[in-house]
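A.B. asks: Taking the hints into account, I'd like the entire structure generated from these sequences.
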Amino acid sequence: MQTKRMTFSSRWLPYALLAPQVLITLVFFVWPASQALWQSMLREDPFGLRSTFVWFRNFERLFADPHYLAAMKTTAIFAVGTTFLAMGVSLLFAVMVNRMLRSREWYTTLLVWPYAVAPAIAGVLWWFMFNTSVGIVPYMLQGFGYDWNHRLDGTDAMILVVIAAAWKQISYNFLFFLAGLQSIPQSLIEAASIDGAGRMKRFWTIVFPLLSPTTFFLMVVNVVYAMFDTFGVIHATTEGGPARATNILVYKVFRDGFVGGNLGSSAAQSVILMAIVIVLTVIQFRWIERRVNY
Amino acid sequence: MARIVMDDLHKVYPGGVKAVTGISLDIADGEMIVLVGPSGCGKSTLLRMVAGLETITGGTLSIGDRVVNTLEPADRDIAMVFQNYALYPHMTVYNNLAYGLRNQGVAKPEIERRVQEAAAMLQIGDYLQRKPRALSGGQRQRVAMGRALVREPSAFLFDEPLSNLDAKLRVQMRVEIRQLQKRLGTTSLYVTHDQLEALTLADRLVVLNAGQIEQVGTPMELYQRPETLFVAGFIGSPAMNMIEMAYLRDRGAAPTTLPGGTDLVGMRPDDMLLTAPAAPHLSLNGRVVLLEPAGAESHIYVSLDGNDQPITVRIPGLPTMNEGDPIPLHVPLEALHPFNTASGRRVSA
Ligand SMILES: Nc1ncnc2c1ncn2[C@@H]1O[C@H](COP(=O)(O)OP(=O)(O)O)[C@@H](O)[C@H]1O
Ligand SMILES: [Mg+2]
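Read top to bottom, the protein sequences are chains A and B. Going letter by letter, the first sequence gives residues 941 to 1234 in my numbering. Going letter by letter, the second sequence gives residues 122 to 470 in my numbering.
The set of hints was computed from the structure by calculation and includes no laboratory data. It is possible that part of the hints are untrue.
To be verified - Using 20 Å as the maximum straight-line C-alpha spacing, the simulated SDA-like pairs for lysine to any residue come out as follows:
id : chain 1 : residue 1 : chain 2 : residue 2
1  : A       : K1141     : B       : Q225
2  : B       : K303      : B       : R291
3  : A       : K1141     : A       : S1127
4  : A       : K1141     : B       : M212
5  : A       : K1141     : B       : G226
6  : A       : K1141     : B       : R223
7  : A       : K1141     : B       : T213
8  : B       : K303      : B       : E273
9  : B       : K252      : A       : S1152
10 : B       : K252      : A       : P1153
11 : A       : K1013     : A       : P1153
12 : B       : K229      : B       : M212
13 : A       : K1141     : B       : E193
14 : A       : K1013     : A       : F999
C.D. replies: Shown next as structure tokens:
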């Protein structure tokens, strides 16, 4: 490994250059994280007047709480569903756009737009489209004899939040998949077609395996997104309901802390989430270091 | 085994580039044809049209006794060796070789037999379980060849397969390709821009220029009797010297044996002799500009008296002479190549 060395004229310059980054990390990560850690070991009395130090009691309670365990399961279903949908659709789009010659840039631009829409606005959009009384989707589903009601039916609600969350992520995945596809040498595809592989066969035996580094990277990104970055979507569409059917972990943090006023439990939940993010990030970095599996 | 017939093939790319403009060629069963020409002349395009990787925008192409214009690559019964080898990076060498056979539905024991046979032929048996990235350039080249061999196709297509190898390996692989091709007797179409590769490999050589055939013939025919100025300049190294008829006339050296209409006379560097031969010849005088030893032979760059265009002389061994020395040159009349600049063609008597 080659090491890069820079020489600075002043020995304080490197510290000065790093300072803004360090400051931002301190203010927006280290400080709140340590606050959460501290709070996760406190319990407030019902009136929020006094708090007592309770060690890991908040965590113990959480893991004994069926609602919390249910929220974990909900989160898992939601994350897997969102990741599959977002990645499947964007891979399909990327493959189709990659096949185009002249209109490729057009489609790419259009497909990137959803990424620029604020989550809350997108949420409202979905709220309207799926609204049981005025929405277009329930109206159309009625035509097929399906009675859509995500306010009563937990499965409908889950489908709604999965679609809404996945939609947002498709642009991002699409760009990565498209770049991944374009980095596969055309001659490999040509060699495979001379070797007698049809279009589907080529995709599954050549293209898809060669995309695996991109796919893995996106999988981690999408899981992280679904678990931690979908608060806005849930809040604007189902608010975790009905009957907690879409109450994923991040949403529960908010509900328990700000609505329920149980700051200690909420903080403990944040700490658990933080641990999950750290694990996922480590896995991802490990993988990127090893790079491709071929 | 198959005959390949191209009848007035044309290729216009979607952007409007006319890459191939009317090529007709009849390739006999088992023949090794080399397509040679400068970069951008349409060699790869023509080869890829045969492979089915580019659509044919005009003319007919038959392989065996079938017209294959619109057939998929897989249905043409050809195998191709790519310039960058195009090995599947995520598969072992064994699977690279077996991939095409599996797609054809060949039975497992038969696949095993053919892969082992090809591996033995190409001496890659020891690497069958490796991935391509763990191979050297030469080994990759062999795997690429192996992938074509196992298919036992009716024709091989090669697109500059040796251009990524170093000089020594290139010569070695060139010999092996020729031996294999002769042994298997498979019709082959080989693209290269390297004229030495072309001369040594070809049964017949096809010189392409700007999407058209300049000349077709055995390597010797093309070397001894180039039909166009382009071929004369392209085949042979160092390139043929071109001297204007007007210059020869001024010097009183114009041979009377050349056909009328000749205004440019080609002379191969090896036909320019330092001592006068017994046969009828013409003589010129010049000065040595540079002496370039090249092992068994030497190249002398000469500036002819009253003409600044330098010409090249090739002689065996290393002569003793200095830059600026006067040098007499003698060229047998039968070694002269008469050309006409306006038509760009050889003038026949
Ligand atoms: N896909 C393509 N689209 C448009 N023009 C092309 C394409 N491929 C090649 N060409 C053009 O066709 C001509 C012949 O190219 P090519 O067959 O690759 O030449 P060679 O292999 O002899 O170097 C060139 O002018 C090249 O720019
Ligand atoms: Mg080429």
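A.B. asks: All the hints need checking, so say for each whether the structure fits it.
C.D. replies: Evaluation of the provided hints:
Straight-line distance between C-alpha atoms of K1141 (chain A) and Q225 (chain B) comes to about 12 Å, which keeps the hinted pair within the 20 Å bound. Only pairs whose Cα atoms come within 20 Å are accepted, and K303 (chain B) paired with R291 (chain B) is accepted, the gap being roughly 18 Å. For the proposed pair K1141 (chain A) and S1127 (chain A), the alpha carbon gap of about 16 Å is at most 20 Å, so the pair holds. Between the alpha carbons of K1141 (chain A) and M212 (chain B) the distance comes to roughly 15 Å, so the proposed pair stays at or under 20 Å and holds.
For the hint linking K1141 (chain A) to G226 (chain B), the alpha-carbon distance of about 13 Å falls within 20 Å, and the restraint holds. The suggested pairing of K1141 (chain A) with R223 (chain B) holds, with an alpha-carbon distance near 11 Å, which does not exceed 20 Å. For the hint linking K1141 (chain A) to T213 (chain B), the alpha-carbon distance of about 18 Å falls within 20 Å, and the restraint holds. Between K303 (chain B) and E273 (chain B) the alpha-carbon distance is near 14 Å, which keeps this suggested pair within the 20 Å criterion.
Using a Cα cut-off of 20 Å, the hinted pair K252 (chain B) and S1152 (chain A) holds, with the two alpha carbons roughly 16 Å apart. A distance of roughly 17 Å separates the Cα atoms of K252 (chain B) and P1153 (chain A); the hinted pair therefore holds under the 20 Å criterion. Restraint check: the Cα-Cα separation between K1013 (chain A) and P1153 (chain A) comes to about 28 Å, which exceeds 20 Å; the hinted pair is violated. Restraint check for K229 (chain B) and M212 (chain B): satisfied, since their Cα atoms lie roughly 17 Å apart, inside the 20 Å limit.
Distance hint between K1141 (chain A) and E193 (chain B) is fulfilled; the C-alpha atoms sit about 15 Å from each other, no more than 20 Å. Simply put, K1013 (chain A) and F999 (chain A) have alpha-carbon atoms about 17 Å apart, close enough for the 20 Å limit, and the pair holds.
Hint violations for this structure: number 11 only, all remaining hints satisfied.
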